[in-house]
Amino acid sequence: MPMSATPVSTSLDKDRVSARRPGGLAAFIENEANLGYLLLIPTVVIVLGLIGYPFLLAMYYSFTDKVMAKSEFSFVGLKNYINLANDPVFRKTILNTFNYTVTAVFFKILLGLFMALTLHALTVGRKFFRAAFLLPWVVPSSLSVLAWLWMFDPQFSIITYFLRSLGLIEERIPWFGDPTLAMAAVQTVNIWRGVPFFAMIILAGLVTVPQELYDAATVDGANSIQRFRFVTFPHILPILMVASLFSFIQTMGDFQIVWILTHGGPINSTHLIATLAFRTAIQGSNLAKGSAIALFLFPFLILIIALQLRYLRRE
Amino acid sequence: MRPLSRREFLRLSALGGAGLLAAACAPAPAGAPQVVKETVEVEKIVEKVVTATPVPVQKFPGVKLEMIMRRSFIPEMNKLQENQLAQWAAEHEAEIEANFAREWREMTAAAVEAGAGGDIAELFQNTAHVYAEKLADLSDIAEDLGNRYGGWYDAAYQCAVVDGVWRAIPRAYTAHAINYRVDYFTEVGYPDGCETYEEYLDAATKLKERGLPPVGNTVSQTGPNDSASWCYSILWSFGGREVEEDGKTVAINTAETRAALKYIKQLAEVSSPDITGYDEGGNNRAFLAGEISATQNATSIYWVAQRQAPEVAENMSHFRYPAGPAGHQQFIEMNLLAVFDFSPNKEAAKAVVAWLMEEPQLSPLAQVGLTFYTPMLYYYDDLPNMPWNIDPKLAPLKGLAKTGHLAGWPGPASRQSGEAYANQTIVNMFASVIAGEDIETAVKRAEDELKAVYEA
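Those sequence lines, one after another, are chains A and B. For the first sequence, numbering that gives the first Met the number 0 begins at 0 and goes up steadily by one. For the second sequence, numbering that gives the first Met the number 0 begins at 0 and goes up steadily by one.
Some clues are possibly wrong.
Said to hold, decoys possible - According to the in silico footprint, chain B covers these stretches of chain A (three or more CB under 8 Å from chain B):
1. 64 to 70
2. 153 to 164
3. 168 to 175
4. 264 to 277
Claimed, not checked - Far from chain A, by Cβ distances over 12 Å, these chain B residues were calculated:
5. 156
6. 190
7. 401
What the hints assert, rightly or not - Derived lysine-lysine pairs resembling DSS-like cross-links, with alpha carbons at most 25 Å apart:
8. A:78 with B:450
9. B:264 with B:443
10. A:78 with B:247
11. B:58 with B:345
12. B:207 with B:264
13. B:443 with A:91
14. A:91 with B:450
Source of the hints: derived by calculation from the structure; they are not laboratory data. By construction, the Cβ of each residue, glycine as well, lies at the ideal position given by its N, Cα and C atoms.
Produce the complete structure using the sequences and hints provided.
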């Protein structure tokens, strides 16, 4: 039956061909480059929809006199930015933001380094302590900050209670009534929350330092401080730089800690860019001014990001 | 509502009636004004109050309404409103999804700006002016209610009427007063409270001199509502104002403002040192803990004391904010109901708002709310079952809105007055003087901040 055998053979050949060279959607996905773009789509949609669009809209609003619920508004150029430059509350907020950020990041690096070196040196219970030290970073800040709210309560602060019990102070500490103490309080919470992040990043760097280098340094007569200075530190410096820059940007945009603890008070002494922008745009309904506040430091942050990327490329 | 017998009262209170009953039965202090006595049982109100609802005239089959509502710290208030709305939905063959949220203001702002995400919203303070363009005209409902319930307080017009149109219905205001310890104030010669700010300063000074718990009036950024209530009221009572009646000319830099600041400085020197650090509940906790003798607040202290610290409830009472050289002027917190103009179900939404404002619904809300939700209609002043007509300790809060104003007064409620309020410019001016800044500097800075808002 040659006539019937031929078509069967042809059909099988076609199946084999199609298995090797799929067509249509299957062929499109089979191409790795196409699949890559396909898998990127959800991220692109999320980034453009939830970050890109609001960002561009805010930038647009910052050059207008847009207020909430008004459909009519007009272009005012740089007026909002110029007004902000002369606004005493905004100027104070800029100083607060730098004070908050620089101080918090400095202590996060210092304490994170200390914590990482300690965890690295541990031989017993290492996993337990690593998990325990991560808790401040893992617990949702809205919850942990509420606990801090009670610890700084004017009447029921456990810190005040402890110090009074030890006889170190007589009066209660007005944590949120004094500008300096209020700033110290919000910085403390930010540091407490951020130290584990630094510790884990630095710890990851410490693990990668070759043991031979320590051995060689020891043979050369280096003491522990010299081993840290000439072996450990150069190895963790790149990762420390990246973590610091990342933390700098994150801390500068902080919101929850200050909003929950002080609302920017007392007398605007703890307002950060984010809290002032929220107060102005949402509570004060001045969307244009609020947007300008939020974006005022954008060029500065761009510079930070550029430095970060440049450093990463060089490394 | 039928008055309960004492036996019924005791039985119902054992089932969970709690504080309001205790308040209703509390013995009146000597010399207290005669008030109508009637017992109130919270659970009964919450569950059964809506039996007297009129028969609905129009049904809305298939309609689903979304509401953004303020979540009260009084659970019964939320429950009562949920019950009322469920009843309306059932009777009108509609569906209501009410979101009682603590972030109701932010949610409303987002809905307004997006032009979607709700049909009805509870508004706060002056926001009817801010959102006017996106709110439906409710003039017919407001005028009808005004005609049938004895007319609106002036403050109702201030907060809800924009360019001659009612953009919201002033549902209620939260009455603030001085919460004080009667026992301590009796010791210093003011058993019934103080009539003027000078008397209040005198009482505070004597409390301090005798080693009694001092007064503690919140002036802080972390307690924005209590602080605004106190600072605006003092400013106005001393004749000061942040802006002129035109709503544009900043007028804070005056002798009257300086007099108000001088007063707060004197008062702070004999007050608790914690006043600039209290959050919204800080003064409540201090009062309940017996650390302060008086503070400005709504009746939440009394509400909690009745349930958790009956000895404090027994020893405390209220008096209205004192009067200053410019008389008695009081800041009030407004709560309004509005219908979004972009709602696809405006008629149904308006029907809900109108229904909620009728006595069978509003009266129990005022009862359960213990002056947190005091109606803005004169009819309720003398209604026998209102808390201020039942409990002598709440009697001073009756009709406070007659001298009540919104932020920005005597200028109109506006977006700018709302921004100045959000900026806490007035509160911070007072707080900075308490913190030691000289009055001239504080006034000048406040003037600059206000000009940035009103004259930008």
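Q) Non-interface claim for residue 190 (chain B): all C-beta distances to chain A beyond 12 Å? A) Non-interface label on residue 190 (chain B) holds, nearest chain A Cβ at 27 Å vs cutoff 12 Å.
Q. Taking the closest pair, is the beta carbon of residue 156 (chain B) still more than 12 Å from chain A?
A. Holds, since 20 Å exceeds 12 Å.
(Q) Can you tell me if the segment 153 to 164 of chain A counts as covered by chain B, using C-beta to C-beta distances under 8 Å and a minimum of three residues? (A) holds (count 3)
Q. Taken at face value, is the distance from the CA of residue 450 (chain B) to the CA of residue 78 (chain A) at most 25 Å?
A. Within the cut-off at roughly 15 Å; holds.
Q) Does the alpha-carbon distance linking residue 78 (chain A) and residue 247 (chain B) stay inside the 25 Å limit? A) Holds, because 19 Å separates the two Cα atoms, which is no more than 25 Å.
(Q) For a C-alpha distance cap of 25 Å, please report whether residue 58 (chain B) and residue 345 (chain B) respect it. (A) At roughly 14 Å apart (the allowed maximum being 25 Å), residue 345 (chain B) and residue 58 (chain B) satisfy the hint.
Q. Keeping to a limit of 25 Å between CA atoms, is the pair of residue 207 (chain B) and residue 264 (chain B) held or broken?
A. Measuring from Cα to Cα gives roughly 15 Å; hence the hint holds.
Q | Residues of the segment 64 to 70 of chain A with Cβ under 8 Å from chain B, three needed, outcome | A | With 5 residues close enough to chain B, the hint holds.
(Q) Given the hinted pair residue 264 (chain B) and residue 443 (chain B), is their Cα-Cα distance within 25 Å? (A) holds (17 Å)
Q) Under a C-beta cut-off of less than 8 Å, do 3 or more residues of the segment 264 to 277 of chain A approach chain B closely enough to confirm the stated coverage? A) With 4 residues closer than 8 Å to chain B, the segment 264 to 277 of chain A meets the three-residue bar; holds.
Q: Go check the segment 168 to 175 of chain A versus chain B for me, would you? Three or more residues, Cβ under 8 Å, otherwise it fails.
A: Held - the segment 168 to 175 of chain A has 5 residues with a Cβ nearer than 8 Å to chain B, which meets the minimum of three.
Q) Does residue 450 (chain B) lie within 25 Å of residue 91 (chain A) when you go C-alpha to C-alpha? A) Measuring from Cα to Cα gives roughly 17 Å; hence the hint holds.
In the structure shown, no violation is registered for any of the earlier numbered hints.
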